[in-house]
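K.L.:
Protein chains in written order, with my numbering: chain A, 1 to 499; chain B, 1 to 499.
Wrong hints could be hidden among the right ones.
Remember, identical chains collapse to one label, so a pair may be satisfied in a single copy or spanning two.
[Said to hold, decoys possible] Listed below are the simulated SDA-like cross-link pairs for lysine to any residue, each with C-alpha atoms no more than 25 Å apart in a straight line: (1) K314 / E138; (2) K69 / E221; (3) K119 / L497; (4) K96 / A58; (5) K96 / Y5; (6) K450 / E368; (7) K450 / P34; (8) K450 / A186; (9) K456 / G50; (10) K96 / E54; (11) K490 / E378; (12) K203 / A71; (13) K96 / D6; (14) K305 / V143; (15) K305 / M45; (16) K305 / V379; (17) K96 / T4; (18) K96 / L15; (19) K490 / M149.
Simulated from the structure, these hints should not be mistaken for lab results.
Number of protein chains: 2
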Amino acid sequence: MSNTYDAFVERLHELSDINHAQGLMSWDQETYMPPRGAPMRARAMGTLAGLYHERLTAPELVALVADLKDAELTGDAVVNVREIDHQQSRSLKLPKELVIELSQTESLGHEAWIEAREKSDFALFQLWLEKIVALKKEVAERVGYEGAMYNALLDEYEPYARAEEIAPVFAQLKEQLVSLVEQIAATGRYPARGVLDQEYPIKQQELLGQQVLADMGFDLEAGRLDLAVHPFCAGTSRDDVRLTTRYSADWLPGSLFGTIHEAGHGLYEQGLPADAIGTPAGASVSLGIHESQSRLWENMVGRSKAFWTHYLPKLQVLFPQQLSAVGLDAFYAAVNQVEPSLIRVEADEVTYNLHILLRFELECDLIEGRVAVAELPEVWNERLEQYLGIRPPNDALGVLQDTHWSCGLLGYFPTYTLGNLYAAQFFHQAHQDLPDLEAQIAQGAFGPLKTWLNEKIHARGARATASELVEEVTGAKLSADYFIDYLWEKFGALYGLSR
Amino acid sequence: MSNTYDAFVERLHELSDINHAQGLMSWDQETYMPPRGAPMRARAMGTLAGLYHERLTAPELVALVADLKDAELTGDAVVNVREIDHQQSRSLKLPKELVIELSQTESLGHEAWIEAREKSDFALFQLWLEKIVALKKEVAERVGYEGAMYNALLDEYEPYARAEEIAPVFAQLKEQLVSLVEQIAATGRYPARGVLDQEYPIKQQELLGQQVLADMGFDLEAGRLDLAVHPFCAGTSRDDVRLTTRYSADWLPGSLFGTIHEAGHGLYEQGLPADAIGTPAGASVSLGIHESQSRLWENMVGRSKAFWTHYLPKLQVLFPQQLSAVGLDAFYAAVNQVEPSLIRVEADEVTYNLHILLRFELECDLIEGRVAVAELPEVWNERLEQYLGIRPPNDALGVLQDTHWSCGLLGYFPTYTLGNLYAAQFFHQAHQDLPDLEAQIAQGAFGPLKTWLNEKIHARGARATASELVEEVTGAKLSADYFIDYLWEKFGALYGLSR
Numbered sequence: 001m002s003n004t005y006d007a008f009v010e011r012l013h014e015l016s017d018i019n020h021a022q023g024l025m026s027w028d029q030e031t032y033m034p035p036r037g038a039p040m041r042a043r044a045m046g047t048l049a050g051l052y053h054e055r056l057t058a059p060e061l062v063a064l065v066a067d068l069k070d071a072e073l074t075g076d077a078v079v080n081v082r083e084i085d086h087q088q089s090r091s092l093k094l095p096k097e098l099v100i101e102l103s104q105t106e107s108l109g110h111e112a113w114i115e116a117r118e119k120s121d122f123a124l125f126q127l128w129l130e131k132i133v134a135l136k137k138e139v140a141e142r143v144g145y146e147g148a149m150y151n152a153l154l155d156e157y158e159p160y161a162r163a164e165e166i167a168p169v170f171a172q173l174k175e176q177l178v179s180l181v182e183q184i185a186a187t188g189r190y191p192a193r194g195v196l197d198q199e200y201p202i203k204q205q206e207l208l209g210q211q212v213l214a215d216m217g218f219d220l221e222a223g224r225l226d227l228a229v230h231p232f233c234a235g236t237s238r239d240d241v242r243l244t245t246r247y248s249a250d251w252l253p254g255s256l257f258g259t260i261h262e263a264g265h266g267l268y269e270q271g272l273p274a275d276a277i278g279t280p281a282g283a284s285v286s287l288g289i290h291e292s293q294s295r296l297w298e299n300m301v302g303r304s305k306a307f308w309t310h311y312l313p314k315l316q317v318l319f320p321q322q323l324s325a326v327g328l329d330a331f332y333a334a335v336n337q338v339e340p341s342l343i344r345v346e347a348d349e350v351t352y353n354l355h356i357l358l359r360f361e362l363e364c365d366l367i368e369g370r371v372a373v374a375e376l377p378e379v380w381n382e383r384l385e386q387y388l389g390i391r392p393p394n395d396a397l398g399v400l401q402d403t404h405w406s407c408g409l410l411g412y413f414p415t416y417t418l419g420n421l422y423a424a425q426f427f428h429q430a431h432q433d434l435p436d437l438e439a440q441i442a443q444g445a446f447g448p449l450k451t452w453l454n455e456k457i458h459a460r461g462a463r464a465t466a467s468e469l470v471e472e473v474t475g476a477k478l479s480a481d482y483f484i485d486y487l488w489e490k491f492g493a494l495y496g497l498s499r
Numbered sequence: 001m002s003n004t005y006d007a008f009v010e011r012l013h014e015l016s017d018i019n020h021a022q023g024l025m026s027w028d029q030e031t032y033m034p035p036r037g038a039p040m041r042a043r044a045m046g047t048l049a050g051l052y053h054e055r056l057t058a059p060e061l062v063a064l065v066a067d068l069k070d071a072e073l074t075g076d077a078v079v080n081v082r083e084i085d086h087q088q089s090r091s092l093k094l095p096k097e098l099v100i101e102l103s104q105t106e107s108l109g110h111e112a113w114i115e116a117r118e119k120s121d122f123a124l125f126q127l128w129l130e131k132i133v134a135l136k137k138e139v140a141e142r143v144g145y146e147g148a149m150y151n152a153l154l155d156e157y158e159p160y161a162r163a164e165e166i167a168p169v170f171a172q173l174k175e176q177l178v179s180l181v182e183q184i185a186a187t188g189r190y191p192a193r194g195v196l197d198q199e200y201p202i203k204q205q206e207l208l209g210q211q212v213l214a215d216m217g218f219d220l221e222a223g224r225l226d227l228a229v230h231p232f233c234a235g236t237s238r239d240d241v242r243l244t245t246r247y248s249a250d251w252l253p254g255s256l257f258g259t260i261h262e263a264g265h266g267l268y269e270q271g272l273p274a275d276a277i278g279t280p281a282g283a284s285v286s287l288g289i290h291e292s293q294s295r296l297w298e299n300m301v302g303r304s305k306a307f308w309t310h311y312l313p314k315l316q317v318l319f320p321q322q323l324s325a326v327g328l329d330a331f332y333a334a335v336n337q338v339e340p341s342l343i344r345v346e347a348d349e350v351t352y353n354l355h356i357l358l359r360f361e362l363e364c365d366l367i368e369g370r371v372a373v374a375e376l377p378e379v380w381n382e383r384l385e386q387y388l389g390i391r392p393p394n395d396a397l398g399v400l401q402d403t404h405w406s407c408g409l410l411g412y413f414p415t416y417t418l419g420n421l422y423a424a425q426f427f428h429q430a431h432q433d434l435p436d437l438e439a440q441i442a443q444g445a446f447g448p449l450k451t452w453l454n455e456k457i458h459a460r461g462a463r464a465t466a467s468e469l470v471e472e473v474t475g476a477k478l479s480a481d482y483f484i485d486y487l488w489e490k491f492g493a494l495y496g497l498s499r
């Protein structure tokens, strides 16, 4: 069996190497590629995607997987065979013509969406979205599913997750969030955010970002930080992780929390198990778990009072004119203001998940046929008003704001909320295991937390599925309770509310 | 036939797209890749090289080429079938084991060379070079050759060139150069270079580089300029050309002439025919022709009196303290000082080719067995003394200075001198076709020259072979006369010599 498994791993390394090239090409496209390079880049990326698909579904690899499924396997071999079988069976069920049609429709649909958003005219996008939804349903039918058809789409981003399992958790969360948002609004308190709305020279913001990256333990010998219009974390391997951020000269939180968020992703990548590199066992588990790492650092650490106990004095040195007069409590309140708003990516920690839940529900409704694409704008506006008490004045600020659906990313949104829930559940456990965690954060000493995350989550690679991992690390299944408790504890105190 | 040709072109595009990824990975490795990324990058590049080789020699493409060779073809189809047949037959003749052994030997040999050069101890590299030469001879035997065995190696860098044709041209050049160098030395004139040896703030050097790039017509919407330890021009397509340079704070010429040199390569790439993109007909012809474009701009334009008539006043604005006192004649003489030296990459325009001719002769002698690897250091030193009148005090400054042989690049060196000869021959023709060329350069108006190069050379892609192209453009076969005339005219005047 060892020869068969070695041949199998050699093919996994080839897949991983193609991924390496794809990762670099994506990163470069958003950072350094000159404008006129775009069409050829698109073509080359299409070719590499085709090569990847061809190698993943090559008869030789199919045969190796079939042989290995019949064999006695242990350790990483079990994981690698399970994961490649999972990816391969999905790919084998999708005819090349469907993949190409989907890719072309997404590309044209994305162009249509850009124009529709610019003109705030949903009609320009409607036919494309209808086609995308129809194609996605065909994908689901072909790859197959148990339970909701939506599961076939969700599985691409959060493997093995099921709508039936997450929907009740999300429903509980929604009820609590709507109530919390209402209670916060009822206090009439609006922390003064003016302190953040000043001129913050970019040079100093860069110094701050470098400092925080170093403090978090992000290894710049095995990674970089560059500029991009839409910040992201990409890269080619655990030894080469690329973060990006963007700076706004009159708004401090954007680059700072953006950098912390992406560095959270980056620490996960850098912490993946070196001995399984180039195979699924050595890769991250799911987008939800990935997002838990970025949100844990961004919000639970970066927007905590302990964090600012350490960093506010440092900020005051970097920005004496802007910040010398502000106290810790006022600054902490400013970076944690809760206020219902229209745009998801700018939402605060409390309202954010209501934006996601809205999208998750609508995706399920679209796939199950309960809502037609044509009805989307109206249903969107109605539900947003129900959840947040505000109504978009136009579609650009409503249903057209996100790029995801135009790119065929149906089933992706729930990973954001899963990330927040996982983050709270992990962070709760970290507090159990590290009783001094708050004090350490208040000293800018992130080493123990990073080590804990490295050991408990990063170094596990994809050896456990997301839900297994959560249960392994926290001793409990996924639950909204941890996140709700976290929000109540933090925002209850900030807004003088008790449950 | 059209269906067969379309299928053939589709496969050429795939090869070009794999090249696109490889080009980006190489560029990134020298510019932005974090240090720890190197091992995985090496692996991924190996995988992509393997994929390229596999697709180039795939039975389907072999069959397409065979069909097309029997067909009536016209235009670019002739070129594309000829070039792919040429590359494919070579690759098909090299067993995978030989390719892998060569690659591993080069990799280990390169490591050994680094240590040998550091310790100036040829013995540490000797066994590796012996192995590399033996493997290269095996490659030559397998791919086959007419005339000298060396032709099989030369062909990889300068397709269709033959040692029998270039050796007499090089011999004529050598005789003339040795004599010219002696006569220059006999004048006892050494232009004052102190003016170049001052502090030149890097910020200002960057501004200068940007200005010259823009003046040359390098399109920054379709290219970039970045930093690298060893400057080069790379990229992924004619619409995405990456130049690199390096700055030295106390030596102006390095970055300036380096940038002009690479931009010369870059203009060639940006000028390739858009209608043949992704196929050999739309690619550059040979390394020699590529080098002719960089050397033409670097030396014949950048080190000309006309060029400095325009740029010296601009330089004096950028560097008033350093340059306000220097006159045009003195500055022009300073950037054109001739002095025999040990290191090829630092050599002036007159002595440079003697460094190359030495290497070309030694490569031929090694392959034909006239010189043994063990004898190389001594033979090197003797011949350098014959040609330039100086003798390396150690091997680090002699036979170990270049990386090429350690990387298996045997047959590459002659392309540098071919580049200089082609450049002079093209530049001579440009003067015939553009009678105002000198005056235009003296006004910093490079448009006419760039357009001429675009039309005569760049837009031809690889439709003609290098030697056909030279004859097409200049009406004459490759000859050393143009370059010798150019040197006499320029350096005769500078050193008060007449032929």
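K.L.:
For each hint, tell me whether it holds in the structure or not.
P.N.:
Comparing the hints with the structure gives:
no.: 1; hint: K314 / E138; verdict: neither (55 Å within a copy, 65 Å between copies)
no.: 2; hint: K69 / E221; verdict: neither (39 Å within a copy, 51 Å between copies)
no.: 3; hint: K119 / L497; verdict: neither (42 Å within a copy, 73 Å between copies)
no.: 4; hint: K96 / A58; verdict: both (13 Å within a copy, 21 Å between copies)
no.: 5; hint: K96 / Y5; verdict: between (28 Å within a copy, 22 Å between copies)
no.: 6; hint: K450 / E368; verdict: neither (42 Å within a copy, 61 Å between copies)
no.: 7; hint: K450 / P34; verdict: between (37 Å within a copy, 21 Å between copies)
no.: 8; hint: K450 / A186; verdict: neither (38 Å within a copy, 70 Å between copies)
no.: 9; hint: K456 / G50; verdict: neither (36 Å within a copy, 37 Å between copies)
no.: 10; hint: K96 / E54; verdict: both (10 Å within a copy, 22 Å between copies)
no.: 11; hint: K490 / E378; verdict: neither (34 Å within a copy, 78 Å between copies)
no.: 12; hint: K203 / A71; verdict: neither (58 Å within a copy, 64 Å between copies)
no.: 13; hint: K96 / D6; verdict: between (29 Å within a copy, 19 Å between copies)
no.: 14; hint: K305 / V143; verdict: neither (47 Å within a copy, 71 Å between copies)
no.: 15; hint: K305 / M45; verdict: neither (44 Å within a copy, 47 Å between copies)
no.: 16; hint: K305 / V379; verdict: neither (38 Å within a copy, 73 Å between copies)
no.: 17; hint: K96 / T4; verdict: between (28 Å within a copy, 21 Å between copies)
no.: 18; hint: K96 / L15; verdict: both (18 Å within a copy, 20 Å between copies)
no.: 19; hint: K490 / M149; verdict: neither (38 Å within a copy, 78 Å between copies)
Hints 1, 2, 3, 6, 8, 9, 11, 12, 14, 15, 16 and 19 from the earlier list are contradicted by this structure; the remaining hints agree with it.
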